[in-house]
Structure formats: structure tokens, C-alpha cells
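Chemist: Letter by letter, the chains look like this.
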Amino acid sequence: MKTLEIINNWIAKDSKVLDLGCGKGEILLDLIASKNIKAVGVEIDDSKINECISNGINVIEQNIDEGLANFIDKSFDVVIMSQTIQVLRDPKKALKEITRIGNECIVTIPNFGHWRARLILLLKGKMPVTGPLPDSWFNTPNIHLCTLEDFELLCSDVSIQITEKVSFDSKGNSNIFTRTWPNFFGASAIYKISN
Amino acid sequence: MSKGLGKVIKQSFKLPSDLLLECGKTLKNIELTYETYGELNADASNAILICHALSGNHHAAGYYEDENERPGWWDALIGPNKAIDTDKFFVVCPNNIGGCHGSTGPSSINPETKKFYGPDFPVITVKDWVNSQALLADHLNVKCWHAAIGGSLGGMQALEWCRLFPDRILKASVIAAAPKLSAQNIAFNEVARQAIITDPDFQEGHYLDTEKSPKRGLRLARMVGHITYLSDEAMRDKFGRELKEGKLNFGFDVEFEVESYLRYQGDVFSESFDANTYLLMTKLLDYYDPAEKYHGNLVKAFETIKAKIMVISFSSDWRFSPERSKEIVNALLAAEKDTTYLEIESSHGHDSFLFAEDRYVNALSAFLEN
Chain A
1 MKTLEIINNW
11 IAKDSKVLDL
21 GCGKGEILLD
31 LIASKNIKAV
41 GVEIDDSKIN
51 ECISNGINVI
61 EQNIDEGLAN
71 FIDKSFDVVI
81 MSQTIQVLRD
91 PKKALKEITR
101 IGNECIVTIP
111 NFGHWRARLI
121 LLLKGKMPVT
131 GPLPDSWFNT
141 PNIHLCTLED
151 FELLCSDVSI
161 QITEKVSFDS
171 KGNSNIFTRT
181 WPNFFGASAI
191 YKISN
Chain B
1001 MSKGLGKVIK
1011 QSFKLPSDLL
1021 LECGKTLKNI
1031 ELTYETYGEL
1041 NADASNAILI
1051 CHALSGNHHA
1061 AGYYEDENER
1071 PGWWDALIGP
1081 NKAIDTDKFF
1091 VVCPNNIGGC
1101 HGSTGPSSIN
1111 PETKKFYGPD
1121 FPVITVKDWV
1131 NSQALLADHL
1141 NVKCWHAAIG
1151 GSLGGMQALE
1161 WCRLFPDRIL
1171 KASVIAAAPK
1181 LSAQNIAFNE
1191 VARQAIITDP
1201 DFQEGHYLDT
1211 EKSPKRGLRL
1221 ARMVGHITYL
1231 SDEAMRDKFG
1241 RELKEGKLNF
1251 GFDVEFEVES
1261 YLRYQGDVFS
1271 ESFDANTYLL
1281 MTKLLDYYDP
1291 AEKYHGNLVK
1301 AFETIKAKIM
1311 VISFSSDWRF
1321 SPERSKEIVN
1331 ALLAAEKDTT
1341 YLEIESSHGH
1351 DSFLFAEDRY
1361 VNALSAFLEN
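Chains as they are written, first to last, in the numbering used here: chain A, 1 to 195; chain B, 1001 to 1370.
There's no promise every hint is true.
FRET-style restraints, in silico, Cβ to Cβ [stated by the list, open to error]:
(1) A:G125 <-> B:E1323: 45 to 53 Å
(2) B:A1183 <-> A:P134: 50 to 58 Å
(3) B:E1065 <-> A:G67: 48 to 56 Å
(4) A:E66 <-> B:P1166: 31 to 39 Å
(5) B:R1236 <-> A:L153: 49 to 57 Å
(6) B:V1191 <-> A:S159: 48 to 56 Å
(7) A:Q161 <-> B:A1187: 47 to 55 Å
Just so you know, these hints were derived from the structure itself, not from any lab.
All values derive from a computational prediction rather than experimental measurement.
Idealized CB from N, CA, C, for every residue including glycine.
Here chain A stands alone, though its shape is the one from the complex:
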């Protein structure tokens, strides 16, 4: 199952959904069509914002690093943060904030503990450049990469519950290996969390 399908499965009909780092609004568009959600996206990139507007999606231009204080406690059923937390200046604060705003949160992250990344670092002694992590160390937006293990430790550190978790291989599929050793065979993972 692909990420989009899982997100779709985890979200109830008619939910209020906030997507932080919504891009062109692909996830929200899918959920509006299939789940009739009430959607709000937050984005910082000009051209992506304009795509959202063209797609009829409510989008707020806002830098998540400057805080989310303008969103009220538990004002959304679900807050989505897809492939975004690793680019933020303060992921710990962001986690606390999204669980404050949403009854539930869905977070997807790339896994730096993936075997390919481990192998490149071990054998070549270089920062891994892989499918899910395609940028070089000097131009990557990912300033806070972590392994799935690290992410889960941080969650427990700030008393955030992980209620669901699926990890995927680099093609976006879940299989027996990613299910058994997610932190080794998973290239990325999706979590459902709440406080």
C-alpha cells in the first residue's frame, strides 16, 4: 500500500484536515474527492501555493518554523505533516504543536537508518545519496534527518503516543521485510500519533 492510500484509510469521512507543507495540495485533493474533508493547507513555496489556489484548495502562506500559534488547540481532526518534519528547524517543538492542534496527526519521514544509507556510510564513508534522499549534504533541505528508532524515541520523550505505524521500501511498498525490520528495510515510514 502506498502512502496516499494509507492516509486515505486513516482519515474518516467529513474530517477537518490541516496539511502542513501541503505542496501543490495532492493529498488534500485526494481526500476532498474521496472523503469529503474540509481542507486547509499550509505552504511556503510561491509556485506550489498558486497550484493550490488553481486547484481550489484553501492554502495559507506561512513559515512553519516561525510557529503555528495561530492554530487553535484541537481545531482539526487530523493534522498531516508529510516529508516535512526533517526540514524544520525545531522538529521537537513542531511535534508538540501538531499534536496540540490536531486530535490525531499523520507524519511521514524518510528513514536514515535504511540499509542502503547505512551501507553507503559504512563502505564509502560518505553522506548517503539515495532514492528517498536524493540531495547532497550541502544542498539538502533535510537538516534534521533521523532513523525510525530516533523518531520513536523523541515521541516517547514528549509523551506522544504512536497509534499506527507502517514502513515502506524505496518503491513505496510495505512487505514482510519492512514489517519485520522497519528501521533496517524501511526507506520511509508513516505514523499516526496523538498526545
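Given the coordinates of chain A, assemble chain B onto it according to the supplied hints.
Modeler: Just chain B, lined up with the frame of chain A:
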């Protein structure tokens, strides 16, 4: 560069009924001057209302006689293939009540006294304007606006449309606006008013019956206002410390380019605008506060809204800064309304909303056309 609208004509509409104003007074025999561009479609679903700001009027786009004359004030954004595309939309722009360009205002004759209203013209509010615009919509067979759009005070009207007539408007663009004026905003308005009122030619507002009018006061008022419309950066880029004659003359005549510019702007304005109207418009701005009836709770004030609202601010605007737009956005979000917000990088200060900057144009047309 796309072609403009070409020649346009102004029209006039006499309101079918008197208007009970928010101040409690009734205004009779009201006439609205307005312009329209483009064609209303068969099901009357493509009408867009343009709301003008403090010193604006009904002439938003195109020209009257000569294509070399200065086009309407929002010609950069309204026309075929422009941000507000007149090939797709039927665009309506009225001069608001209290104005001085054709619509009933202080320089009109009071039917009861057969004299100029002058200073006795009732103090009107944004709500009164929206009510009069609704009567114009009826006259044009527009049951529901596709959108209302306005910058600054115009944005406040667009917002008020969404609040007061939730079933008669689908979208609104609230540009470079604020949910109410700050003390600093009111202070600038008060300086402008004092400049006019203390001009001996003001004659307590009854100057229309005399040969004099408070042009000096109006000129000063405009000069102060104009400074608040530009950004420090825009002024630096445009004028710097350039000297008109290339040297200091050690006197008080015009020396710096910026002085020359401000004097010119003030001169032009004082010839074409009415002082009582200026007083009225600044007062109306000061009074605007939709949250007031809800003990300052803007979220409550927005409860009736059904329209999709796009709020736009400009980075260099310090008259109504992005922070003020965010107050509107956050209240709309808290009220669970369909909201979009953009903060556009621009150096033109508050006046940015008048310029066809790419990102602004793209966002506006995408919002109107999706």
C-alpha cells in the same frame, strides 16, 4: 502586454428607495455613478464587484476619450486577459456614497434644503456602502456576485459583503486591508482632517457656496496620506536624496525630488477632490470595526460568512501590514471559513495592491477562475 479595455463610459443609477444609514439618519434621492466592463452572462453568474479605496472612484479601468489620458485606477489589473479578466467576467465598479465623482455626496444638493450638503452630509459607514451596492446589484440583475474585490478600504467592503450578504457572494479578495484601524492609522487620519479643518478657507465646511475652498488643507492631507502609502524603500529607490537643481540652495523652496513629488501629488489631488468627502472617508475608515458589536471578538463577527475568502498582504506595506491581514486570516480560520492567504514580496508599500506584480496577478486570476 495585453491590450486594455479601450473606451469606457460612466453610468448612473438612482436608488429606488431611501437608505436608512447606520447613524440613524435617512438619505434620500441617492444616485450612484458606476462603470461596468465585460458582459453579464445568461445566468448572471460572472459578476465581480470592485470596491474602491479612500480616494478612488468608479473609473477603475479603460479611458473615456483619448487613449493617452490616464486610464482608470486599477487598469493594470482589470481588462481582457488581465488578473480580473473582462473577457470572462462582468466587472462593476461604483463610486461610493459620500464620494465626489458623481455619486451623492457632500458636494451634491440636499433635496430638502436645495443647498449643498457640505458638512451636513451624514457620516456613512462601510455597511451603508455595502447596502447601497446591493441595490445596485439588484438593478443590474446580479443576485449573487461571483466575487467582490478591493484593496485597503475596498478590502473592508469586500469582507463586509461576505458578512452581511452571505447568500449573495461566492468569493472575496481582501487585499492590503485590516480588520480595524490601529491608533497609528487613526492618528494619521486625524492629522489629515486637522489640515483641512484648520484651513481658513474650509469655513466650517460651507466653502462650496463661496469662491474659496480649503485646497491648502486638502493638499497637506494628501501629502501626509501619500507618505503612508509608500514604503521607505520605494521612496529611497524613486527619489533617494536627489536634488532638483543638483545643489543645495539653503532655502525652503523645493530642493529634494521627494518634496517636488509630494507637492505635485498634493496639488493634483486638491484640484480634483472634495474636502468634505475626504473628511467623511477618513472617518468611515476610523469607524470600521466589524468585531465591535461582538465585544471585540472577530471570530464571532465572521460567523455568518459563507464565501471563500482570499486575503493578500504586501511585505513592505506598513499602513496595513501583513500582521493586520493575518488578524483577519486567523479569525477566519478560527471561524472555520474557507480561507487562503498570501504575503506578496513587493517594495511599493501600501500602494502595492495597485501594481500588476506577477505573483499577485497569478494568484488573483487563479482564485477567480478555479
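Chemist: All the hints need checking, so say for each whether the structure fits it.
Modeler: Hints versus structure:
In this structure the hint that G125 (chain A) and E1323 (chain B) lie 45 to 53 Å apart at CB holds, the actual value being about 49 Å. With their beta carbons about 52 Å apart, A1183 (chain B) and P134 (chain A) fall inside the hinted range of 50 to 58 Å. In this structure, E1065 (chain B) and G67 (chain A) meet the distance hint of 48 to 56 Å, their C-beta atoms being roughly 54 Å apart. Under the hint 31 to 39 Å, the C-beta atoms of E66 (chain A) and P1166 (chain B), about 32 Å apart, fit the expected range.
Separation of R1236 (chain B) from L153 (chain A) is about 52 Å and conforms to the stated range, judged on CB atoms against 49 to 57 Å. At roughly 55 Å, the beta-carbon separation of V1191 (chain B) and S159 (chain A) lies within the given 48 to 56 Å, and the hint holds. Our hint of 47 to 55 Å for Q161 (chain A) and A1187 (chain B) holds, since their Cβ atoms are close to 52 Å apart.
Figure legend: structure checked against the earlier numbered hints; every hint is met.
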